[in-house]
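Asks: Take a look at the letters that make up each chain.
2 protein chains.
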Amino acid sequence: MRLAELSERSGVSTATIKYYLREGLLPPGRQINRTTAEYDEEHLRRLRLVRAMIQVGRLPVATVKEVLGHVDDDSLGRTMRLGAALWALPQVAEPDADDEYVRAAHEEVGALLDRLGWHNARQLAPLSPAYHSLVVAVAAFRRLGYAWGAEQLAPYAELMHRTAVLDLDNMETHPSDAEQVEFAVLGAILNEPTLRALHRLAQEEESVRRYGFA
Amino acid sequence: MRLAELSERSGVSTATIKYYLREGLLPPGRQINRTTAEYDEEHLRRLRLVRAMIQVGRLPVATVKEVLGHVDDDSLGRTMRLGAALWALPQVAEPDADDEYVRAAHEEVGALLDRLGWHNARQLAPLSPAYHSLVVAVAAFRRLGYAWGAEQLAPYAELMHRTAVLDLDNMETHPSDAEQVEFAVLGAILNEPTLRALHRLAQEEESVRRYGFA
Numbered sequence: 001m002r003l004a005e006l007s008e009r010s011g012v013s014t015a016t017i018k019y020y021l022r023e024g025l026l027p028p029g030r031q032i033n034r035t036t037a038e039y040d041e042e043h044l045r046r047l048r049l050v051r052a053m054i055q056v057g058r059l060p061v062a063t064v065k066e067v068l069g070h071v072d073d074d075s076l077g078r079t080m081r082l083g084a085a086l087w088a089l090p091q092v093a094e095p096d097a098d099d100e101y102v103r104a105a106h107e108e109v110g111a112l113l114d115r116l117g118w119h120n121a122r123q124l125a126p127l128s129p130a131y132h133s134l135v136v137a138v139a140a141f142r143r144l145g146y147a148w149g150a151e152q153l154a155p156y157a158e159l160m161h162r163t164a165v166l167d168l169d170n171m172e173t174h175p176s177d178a179e180q181v182e183f184a185v186l187g188a189i190l191n192e193p194t195l196r197a198l199h200r201l202a203q204e205e206e207s208v209r210r211y212g213f214a
Numbered sequence: 001m002r003l004a005e006l007s008e009r010s011g012v013s014t015a016t017i018k019y020y021l022r023e024g025l026l027p028p029g030r031q032i033n034r035t036t037a038e039y040d041e042e043h044l045r046r047l048r049l050v051r052a053m054i055q056v057g058r059l060p061v062a063t064v065k066e067v068l069g070h071v072d073d074d075s076l077g078r079t080m081r082l083g084a085a086l087w088a089l090p091q092v093a094e095p096d097a098d099d100e101y102v103r104a105a106h107e108e109v110g111a112l113l114d115r116l117g118w119h120n121a122r123q124l125a126p127l128s129p130a131y132h133s134l135v136v137a138v139a140a141f142r143r144l145g146y147a148w149g150a151e152q153l154a155p156y157a158e159l160m161h162r163t164a165v166l167d168l169d170n171m172e173t174h175p176s177d178a179e180q181v182e183f184a185v186l187g188a189i190l191n192e193p194t195l196r197a198l199h200r201l202a203q204e205e206e207s208v209r210r211y212g213f214a
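First to last, the sequence lines map onto chains A and B.
Note that the UniProt record's numbering has the first sequence beginning at 1, numbered continuously upward.
Note that the UniProt record's numbering has the second sequence beginning at 1, numbered continuously upward.
Check the hints yourself; a few may be wrong.
Which residues of chain B face chain A? A few of them, derived with a C-beta cut under 8 Å, are [unchecked claim]:
| hint | residue |
| --- | --- |
| 1 | Y20 |
| 2 | R34 |
| 3 | T36 |
| 4 | V56 |
| 5 | P60 |
| 6 | T63 |
| 7 | G83 |
| 8 | N120 |
| 9 | R142 |
| 10 | G145 |
| 11 | L195 |
| 12 | Q203 |
Only part of the chain B face toward chain A is listed, based on derived beta-carbon distances under 8 Å [stated by the list, open to error]:
| hint | residue |
| --- | --- |
| 13 | S75 |
| 14 | G77 |
| 15 | L82 |
| 16 | E192 |
| 17 | R200 |
| 18 | E205 |
Everything labelled a hint here was simulated from the structure, so no lab data went into it.
None of these values were measured; they are calculated from a predicted model.
Ideal Cβ placement from N, Cα and C applies to all residues, glycine included.
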């Protein structure tokens, strides 16, 4: 398809598409003559992914470029491609290792991973932004005086593991490796608001069931 | 306890505590004489809640005041107190009702709630920010060309319902009504980062189990 059709089908203006092409967020089309290039379904798919990251995820162009670099790096195995792409997304700051609550939270999260048998996650922990976020959240609860540790977290973690199994099952329904990694990136951006909303709706439902409407 | 001890035990400076008192985020202490007031454990608990909302939740003082107004309104039943407090937290903008993807998403989310038997959530939907967020997220996925509707969402919703059951079970372990509603507000602020982090860790674990480390 020509640029005009790519714009029409994606809902992205030709000026914006040209900008993405210049910035390398979109691979160049196949040049037909000096002024015309031809684009295909893969360009359309990539364009939608870029739009989701910029408009829904509110990521800066430099981050989008970094994420796409990992998505496209087929020298890596799938775990590392997924990991590198997701880890390039914005993360919370690393916790202050000197804080007593942070130290206690590290121990509780370590105990949690052992208890669950999440040996792979344990091994990735020093590298993993998710591990650091969890330590920060657990430390915040403990600082408020709540007993919040491996015991309280374990049932939540089991449910989140079942959620992750659904995520990867859904991802595997996509045909190519590239599409699977793209779907995982979208999931990280779009699925988190979805889960948060479903969680709140479920709380409303359960609250009314237990305590009535009043 | 005196102001100095309240400051020491909460880790909040006396100047900040005085500011919260002036703004009505903290109820006044019991006046002992013209210059000295006495504070109790309830002040300490409330102070921690206010700190969590401001420091972790990054809520503006006006929002904190609104949330606390609902937490303290014992003329309301528990569902409404919980709902009003949580609904006062920042929410996504309401979706554009004219958009074709938004219309389709409304239908899919309605079908989802029917399929799950979440009749209470369905009844609350027009009021509920969670319902609107879900519609926005589903519309975003559909706009990208993914078949994302009641069928794909149902298994996630079931897991989120089990998560909500855990939330309310944990909440009910707290002795008073006031403490329960406070815990629910903290949960909404601190538990979402926790769940997001557990979800990512579970994805890492499951990814390595399926595809290895490379």
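Asks: All hints, please: hold or fail.
Replies: Each hint tested on the structure:
| no. | hint | verdict |
| --- | --- | --- |
| 1 | Y20 | violated, 16 Å |
| 2 | R34 | violated, 32 Å |
| 3 | T36 | violated, 26 Å |
| 4 | V56 | holds, 5 Å |
| 5 | P60 | violated, 19 Å |
| 6 | T63 | violated, 17 Å |
| 7 | G83 | holds, 7 Å |
| 8 | N120 | holds, 4 Å |
| 9 | R142 | violated, 10 Å |
| 10 | G145 | holds, 6 Å |
| 11 | L195 | holds, 6 Å |
| 12 | Q203 | holds, 4 Å |
| 13 | S75 | violated, 10 Å |
| 14 | G77 | holds, 3 Å |
| 15 | L82 | holds, 6 Å |
| 16 | E192 | holds, 6 Å |
| 17 | R200 | holds, 3 Å |
| 18 | E205 | holds, 4 Å |
Of the numbered hints listed earlier, those contradicted by the structure are 1, 2, 3, 5, 6, 9 and 13.
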